[in-house]
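Student: Letter by letter, the chains look like this.
6 protein chains.
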Amino acid sequence: MGTHQHPLDTLLELQVLDRIPRSGYSVRGVADPESVAEHSFHLVFLAWALAAEEAGLDRARVMELALLHDVAEVRFGDLPRSAAHYLPAGAKARAEAAAAAEILAPLGPRATDLHAEYAAQATPEARFVAACDKLQLLIKTRVYESWGCTGLDELWARPERFRDSEFGVVRRIFEELWRRRQRAADAPLPRP
Amino acid sequence: MGTHQHPLDTLLELQVLDRIPRSGYSVRGVADPESVAEHSFHLVFLAWALAAEEAGLDRARVMELALLHDVAEVRFGDLPRSAAHYLPAGAKARAEAAAAAEILAPLGPRATDLHAEYAAQATPEARFVAACDKLQLLIKTRVYESWGCTGLDELWARPERFRDSEFGVVRRIFEELWRRRQRAADAPLPRP
Amino acid sequence: MGTHQHPLDTLLELQVLDRIPRSGYSVRGVADPESVAEHSFHLVFLAWALAAEEAGLDRARVMELALLHDVAEVRFGDLPRSAAHYLPAGAKARAEAAAAAEILAPLGPRATDLHAEYAAQATPEARFVAACDKLQLLIKTRVYESWGCTGLDELWARPERFRDSEFGVVRRIFEELWRRRQRAADAPLPRP
Amino acid sequence: MGTHQHPLDTLLELQVLDRIPRSGYSVRGVADPESVAEHSFHLVFLAWALAAEEAGLDRARVMELALLHDVAEVRFGDLPRSAAHYLPAGAKARAEAAAAAEILAPLGPRATDLHAEYAAQATPEARFVAACDKLQLLIKTRVYESWGCTGLDELWARPERFRDSEFGVVRRIFEELWRRRQRAADAPLPRP
Amino acid sequence: MGTHQHPLDTLLELQVLDRIPRSGYSVRGVADPESVAEHSFHLVFLAWALAAEEAGLDRARVMELALLHDVAEVRFGDLPRSAAHYLPAGAKARAEAAAAAEILAPLGPRATDLHAEYAAQATPEARFVAACDKLQLLIKTRVYESWGCTGLDELWARPERFRDSEFGVVRRIFEELWRRRQRAADAPLPRP
Amino acid sequence: MGTHQHPLDTLLELQVLDRIPRSGYSVRGVADPESVAEHSFHLVFLAWALAAEEAGLDRARVMELALLHDVAEVRFGDLPRSAAHYLPAGAKARAEAAAAAEILAPLGPRATDLHAEYAAQATPEARFVAACDKLQLLIKTRVYESWGCTGLDELWARPERFRDSEFGVVRRIFEELWRRRQRAADAPLPRP
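Chains as they are written, first to last, in the working numbering: chain A, 124 to 315; chain B, 124 to 315; chain C, 124 to 315; chain D, 124 to 315; chain E, 124 to 315; chain F, 124 to 315.
To be clear, the hints were calculated from the coordinates, so they are not data collected in a lab.
Note that this is a predicted model, so its numbers are computed, not measured.
No false leads were mixed into what you were given.
Computed list of lysine to any residue pairs in SDA-like fashion (alpha-carbon distance at most 20 Å, straight line):
| no. | chain 1 | residue 1 | chain 2 | residue 2 |
| --- | --- | --- | --- | --- |
| 1 | E | K257 | F | L135 |
| 2 | F | K257 | F | T246 |
| 3 | E | K215 | D | H208 |
| 4 | D | K257 | D | D287 |
Sequences and hints are given; from them, build the entire structure.
Tutor: Pasting the structure below:
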């Protein structure tokens, strides 16, 4: 593939994000799971919707960070979390940065800078999108559970990641999601 | 469904856009075609990438219009173009406006206003996103054709829609896409 | 598409009903849900099987009405019930009538007349097929529930539509279906 | 499974025909191929549409024969043609008759008689449906070819089965289908 | 198809085992169920892994028997268990033997002999692979159940087939599997 | 996940290889592409079949190496070739070794040793399986091309990898495959 020269190369290659399933769902048996493209749409939407309730965030840059955060997966696939664990520290991030730079080259330096800003997690906007990324995982998980998927408990394992969030709106949406999940669990079995 | 009260209702319902295939591809035999969520991701990306080359557009609003343009399809499905033809003039647009208003209610009036701005097609940003929407259809189509799908000629039928575009970057990207498609057609058959 | 001239045009176009999923199941998360073609097969079978137990129905015409009742969806898609709600009264029915007339033209006026008879719901045969259409939805739903799908409760919401049916056999089959669903719900959880 | 006692048993079991792909397409690489339920719908439609042009056929019985012709596949799967070749003469037909009798039992003897009438191929209606069954295979094949599938030549190998048909309408529709396929083959490559 | 002459014919034809779903899961509603190729991989692995714990088995031959045991299904499909019941005694086995001989011909007589050895079930290795074949069905079933599939109880109906096995390791692995399934069933509902 | 303690843990986890598509095909648009489990089955078969024609290979160990060569992908996914390019030299191999050791632990040291032997590529058997791994990719590719997939040319780019193979049977099978592909390319277009 190498480094793209024309914006159309970038656009054509990114279409393939449709065919990269989110591995966390695949290995837990969700049929026809979310693709990376679908996840990215929902993340842009989520980050855009919640940023309005969080003072001091640059909402436009939040959208851009969300839009670009997973583009490298078109060359990497969506590595399961277990995969990163076996790689040297930072190897995955460096690889994604290199791939993103080659993919996004024809769009000018701003695109690559945004990708790097997200990876560095040093700005409030980057941290906000990262928090939304984890939240989006649970929103989709809740939907799959409401459809009958049962192998997803593990994804709910660390609520403190949300409860300790620096962003109030992330804490609030998470609690509402958690509460609805509990309520469903306490209800008499809804299906015969 | 009715009118949502809580942002989480909106977020949960929109996940279902993953399960709504783009009908223009389904009825032409594309296997596992793009979902409305995937299309929306690619449209936001495309409009964001191209807006940088078009003077005088509010790039942030361009992204927002693209993000919201198809949310009503979660209640409507993705009607084939042939369907609109049989409905009274404006019926589809009015129905989508009503559905969008109910879906987006918990996000405040700005969300609904953006959906209406796109429908009205009166601002340059709205027209730009609409031009990108048509262009995205052909970019994905080109990808499907490169994979072996052959029933898609009809989608290329009206190049003048792009050649007469008010937006230079849309004209340029389209010509590059068209040129590559021709070049592939003129080449000796690539596959044995 | 327009109005077909040759029966083969009709036959070829209708093959595409295989690629139109029944939206009521798609948006509720059923994996690989019934297509409109599959639904139509089961409706013809159901209406044929039950008509034998209902005095005074023209069984051959019952089959024909069932066979044709959804052909317009090849141009319309399978609109979710929520969609019709946003359209002007009668708009969906008029659109389907126009589409059906164009699709069925090469088969002679009888085909279009049968489609219109179903839409008008004025003959006992037409009403019988409509009752079976709703019943078929629940039979398939029951099958999906037995496979582990859980988001389908809403589809069972109005049992009185069946209990008040003018057709005894529809009432009887529905009660048996309802009873089996209850029995399954009361049983200890069948799956570890 | 055994012999059913209640019509609802029959109806519930037949829903599973949705999950039985037509093996002739599967083994030739068609993605998401026609199910037996979809094939059966198209056969009922085809036989009904063409019977109107063939004097002396009982159109209602034609529909019934088509409706029932493949019900045994819910217990047998859709054996590839190559499979029958390895079984003792008549074994497949006898097995299907036994399975159909058990499945259809609650619908009364007429249903089983119709299945047997089709298997015996002694009446004009049974032979007409059998001819339509082969024709439907090629109509769907033509659709798949127009979508880009290329492994299906073998299915067109014996045109004389249609050209020698006792039914004029089968001969005519086949010739039109064959002519269109030739015309497409002679055209310059439609896709770049 | 007939009898192959070149090893590449065998290799190419067997790729199609990817497109033959295991019918026992299809008819019970598992979405995207195991293919015969996948089952065969897991059987080779299982038989290889367990053979190490069973004295006196030729482990290499165990692998070969497992590798070849289902190759005939590429011409036969994966007949549901209910299908064999309707065929004359031995007809399915004879058909598979004939098909396997034609498919495997270019690989020399040893391949066909191994297929025959498995069918005859006269050697400990052949019986061991057959026991593993049944065990693999339940291992996959347990995985599907953990994902939310609920229509699979029937597959657990005859534990004595494992408890009475002549192979200790089969008995032990089955008991562990059974125990885990019970434990999951006794637990409070894991999913809200 | 961590290190497994019981053989059943290993067996259950490996079932998930069914849900990991081979990324080289996914990103090139093959619908419903081969899973890692399917690939592994075909590799064991291929290596077993060809090893018989290559003097001096331990055929049983060839099968074992093929059986185990991709087990780590259940935790890693099937990284596209482009991914490895961005990682530090050896990082992928070390990660897979660590993952394989944890997955295979309950099967004793021999299993882990076999995985390491394949990775080291120092024995003829390990090199033979690696050559077959590449060959299997092209055999499946040829099948997909015969079905109509067209985006796969790149996979044929380096015939010298086969022509310079140390294994005569690999060279011979490759040449036959190449020859058939050429013959198909030279033929008049087979499909209308």
